[in-house]
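Visitor: Chain residues, written in single-letter form:
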Amino acid sequence: SAMAPGKKITARIKRTLPVKGPQAPTLSELMRWYCLNTNTHGCRRIVVSRGRLRRFIWILLTLSAVGLILWQCALLLKSYYSASVSVTVQFQKLPFPAVTICNINPYKYSAMKDYLSELDKETKKALETFYGFSEGKSKVRRSVDEWNSTGSDFFQQIPLLKFEDFSNTATDLRSGQKRKIEGNVFHKDSSIVNSGDSNDIIGFQLCDANNSSECALYTFSSGVNAIQEWYKLHYMNIMAQIPLETKEKLSYSADDLLLTCFFDGLSCDKRHFTRFHHPLHGNCYIFNSGENGTILSTSTAGSEYGLQVVLYIDEADYNPFLVTSTGAKIIVHDQNEYPFIEDIGTEIETAVATSIGMHFTQSRKLSKPYSDCTETGADIPVENLYNKSYSLQICLHSCFQKAMVDSCGCAQYTQPLPAGAEYCNYKKNPNWSKYSNTSCIACASTARCQPHPSAAPSPVGTAVPQYFCVFFQDWMLRVLSWDKGQKLNKKLNKTDLANLMVFYKDLNERSISENPTNTIVTLLSNFGGQLGLWMSCSVVCVIEIVEVFFIDSLSIVMRHQWQKAKKWWNNRKAERSGKPPQAEDLERQGHDNPVCIDEDLPTFNTALRLPLPRDSPLPRTPPPNYSTLRLETAFKEQLPDTLDVGQR
Amino acid sequence: EGLIEFYDSFKDMFEFFCKNTTIHGTIRLVCSDSNRMKTAFWTLLLLASFGMLYWQFALMFSQYWAYPVVLTMSMHSEPKMFPAITICNLDPYRFELVSEHLIQLDQMAEESIAFLYGINTSASLFHMNEKNIHVKDLGNLSRSSFKLSPNFSLLRMSDHNNRSRNKHSSVGFRLCNATGGNCFYKTYSSGMDAILEWYRFHYMNIMSQLPVIINISDHTEHIEDMVYSCQYDGEPCRPGDYVHFHHPVFGSCYTFNSKGTDSFWTATKPGIPYGLSLILRAEQKDHIPLLSTVAGVKVMIHNHNQTPFLEHEGFDIRPGIATTIGIQQDEVNRLGGNYGKCTTNGNDVDVKLLYNNSYTLQACLHSCFQHIMIRKCGCGYYYYPLPPGAEYCDYNKQPAWGHCFYQLYSRLRNHHLNCFDQCPKPCRESLYKVSAGTAKWPSSKSQDWIRQALRHQNGYNSTSNRLDIAKVTIFYQQLNYQSVNESPLLSENLLLSSMGSQWSLWFGSSVLSVVEMFELLIDTLVLSLLFCYQRFRSKKT
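Going line by line, the protein sequences match chains A and B. Counting from 1, position 536 in the first sequence corresponds to residue 536 in the UniProt record's numbering; the numbering is continuous, with no gaps. Counting from 1, position 447 in the second sequence corresponds to residue 447 in the UniProt record's numbering; the numbering is continuous, with no gaps.
FYI, nobody ran anything at the bench for these hints, they're computed from the structure. One thing to keep in mind: the hints can contain errors.
[Stated by the list, open to error] Pairs of lysine to aspartate or glutamate residues, derived as EDC-like cross-links and limited to a Cα-Cα distance of at most 16 angstroms, are as follows:
hint, chain 1, residue 1, chain 2, residue 2
1, B, 433, B, 330
2, A, 249, A, 317
3, B, 445, A, 317
4, B, 425, B, 350
5, A, 108, A, 256
6, B, 425, B, 331
7, A, 247, A, 406
8, B, 445, A, 120
9, A, 124, B, 316
10, B, 445, A, 314
11, A, 125, B, 448
12, A, 108, A, 120
13, B, 445, A, 315
14, A, 78, B, 492
15, A, 108, A, 245
Small disclaimer: the values here were computed from a predicted structure and weren't measured.
Kindly produce the complete structure, drawing on both the sequences and the hints.
Guide: Written out as structure tokens, the structure reads:
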């Protein structure tokens, strides 16, 4: 009743508040309490063991058990994101893959004459000057109506050069005059295959249009390569200016290329093929492209039931400088994939039958965080220029094209156009070629491209051609000639024909898929195992540890600080008022300190330990409940009363 | 409180243990005193759970000690090195030192063929090629007194089995041991195989006359006689990029990128334009016509620092054809150790490797065979390298080596020699899957200018229309490679976890409880010792 109203309220709050203070007033008491009462093994022993050595050993053991638990759990966590592979094989009807077929020669040479006459003339002249090569047959050149011939000054700009002995002079092919070559030479290492006596090296020079001193020099290990590269450079420039519709007309039609077609034992025709214009290979035809929504499938394996086509390869109409090999190029791919004919196409030979046996393998990888692969390619910073599903090759090419547009201002002819860009040509971008071979290659880094998870089934073609000696017999040639004869009046030669068979070797679908090895359940049960093994600990004991070691300890420390501050404040007040501080108050600490107990409600332990009279001798703490502390005089004399204590 | 304190009595100790132990069952067992039924019940329970626990432990350990592995597959896409490529022209040298013997051998072969098949067949077989290879170092070596042995002549044997109506005849030659006994015929159903084998056998004897190390570096043949153009990733190859060696069967061989350390050969992009492109001369020069009947070029794709075993893994390139070879790399990593037999670098293998390149199974098998051959037959097989101190077989010195060799070789093939046990697989293997496409090259339209250009620049000197050039392109089909890794199904980590789970389930105790038991045991020992000592002292006094 004598209490101030403020104090009354705090007392009331304290009484009704369900939260009690920690189990002990000091940290060491708290630890002792914890060790006696916890279910975790080892801790109790620290407290109850007799002798300092035993205690020390138990502390060491407990700590090492904790350490082991942490280490093992860390190992478990580390191996959490691992995947195991399961391979399943099932037998079923399989979808047939898309088969893209191209003639190696992109456009009919006879039809291209108008566009290429200038370039061919130039090339022939180069061959004549450098190698003394001349076509014996037709010296008389037809006068070709000049096609928009801006080319001629451009041939002057990038002529073929003959370098002499790596000196700085070169002979110009066109004028025959010597020029001084400046600029850094690319590929300047003397090639291994140049024999010592003929020291002429053929190459060309690409200069920056604005700054003619900045030149790059290209030399090649063989004249064959040099002429082909030089030809290709000009060829691409010319082709970039021709519209797509014209190019499609210049190339082979489906009737030109495909003579016969069989699929799954039934006849098929050009309606099963989809035209696709490839910048380097002209018109290509995709069998079973899935464009009209249906994908053919086979229910029988073996070469009889796959795709069988006879291709007409008109060798006479080949461009002699652009392509040097005769045949067709094919690629087996999934309907969603872009056919990279120029990169990974398989060449097939004329006059023999090539059979390609396939296995169907479907592989599926787990994406992040198990491995570094992308599900759709949408999370990759490279824009997909092809409207096909993501693959590493698509990413690389798109990446290169982007770098090309950024640094040169125009796009390379062999790859699709990004939005707002156009193909490089000399008229508009006179110095594109300087970059095309150098800086952009460095730009296209593979680092950003992640492997394709191959969610779609990818038929893996093992393209090992099997040769049947003379496949095209005479009667076949006659029949085929008659079929074809309506348009073409000449007899087919067997070197103009190629036979291709693409089929499933077996109809087993192998699917290789990755599965996570660990689930959260196994991880938790493994954690439980580790905790149980070393310390017989559980989640409850982990919570207990958190409670005791963090919350309770913190509150004890805070309380101590609070008491100190309060005492300091009181002392200061007392000093001001002139009273000397009480020395006894300073010495009292822990539960002996009446100040300490005053503030909180007494806990069970503290309630037992009421302050002793001031003049009383030791012990200041009442004897605890353990037999250990009493048995200081072990082995000297067996006292009957100690046994009683132990029995209690 | 002292440093070490002990209990006053056993009773005291057990009381303490009972009160403080953490093993659940034991508390009930020992401490539920004065109730027999309860004690018995708890004893049974404790024993049962003990049994269960150890049964489970046994299951777990038997599984662990079987060392099961699980396969993990991972896809890598980091840029890597182009593999090493070895090409050989299938045209072994005709060394001057042995050319006389080779001529004799050719004559002998002609005679045998005439003997076997009649005179008219043999005439056109050989055109004597007089171009001999003179190696400088060998000039001072005197011609040895080597003589071709007539003892191993080719014979036709008709089948003794008269019951079969078709008359089989086989061709072969006879091999006997040193005393002339234990003879057997090395026969083939086709005469061609027999002649080739017979020729090879004599050829080995002749070639063993040559010194082991032949310095061919200053030799007249250069790479430009075989490789007309070499480009990698659009750039010409450089002079230091290849290693030249001579193989007694495959002739002049060049290995590109044999070390795999030069950044020039890093594969940056997949596809034909970024691969290795070669224009090769694939002419059959017929220095030694009966040694191999194949025209073209032998190509092998292998790992860096690896001896190419062309006879096992090489493939042939046809002349007049452009061959594009797509490669895909697969990597296999084995765990080794308890999980399976494999070796990381071959140092722990009993067989001393005779090839000073990195370990491969094939190199180990060859070395193993050569060691056995030297032990059993006293001389080394010519096609394999020699260990120090040994010499190659020669029937003038060891007349019975053929007998010994063919028997050993068939035993090796039938796995009767323990070479396959001694040679483990390497722990890390790169496998190259190869697929090829071919096209006619050069095309009829372009061949004129191509031939002219080659003639002018590379000293190509063929005017005929014979197909004698070939083009090879070797490229990565895809840069990302799959690696198959073995990893333990049951690691120590998981084993401990499941042990802990079992322990907790049946016993509710932990490792620390076991330590408590140990403590009890030690205490008992010490106490009994102490009491004994006390009694001893009290008796004395």
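Visitor: Going through the numbered hints above, which ones does this structure break? Give me the numbers in ascending order.
Guide: Violated hints: 7 and 9; rest satisfied.
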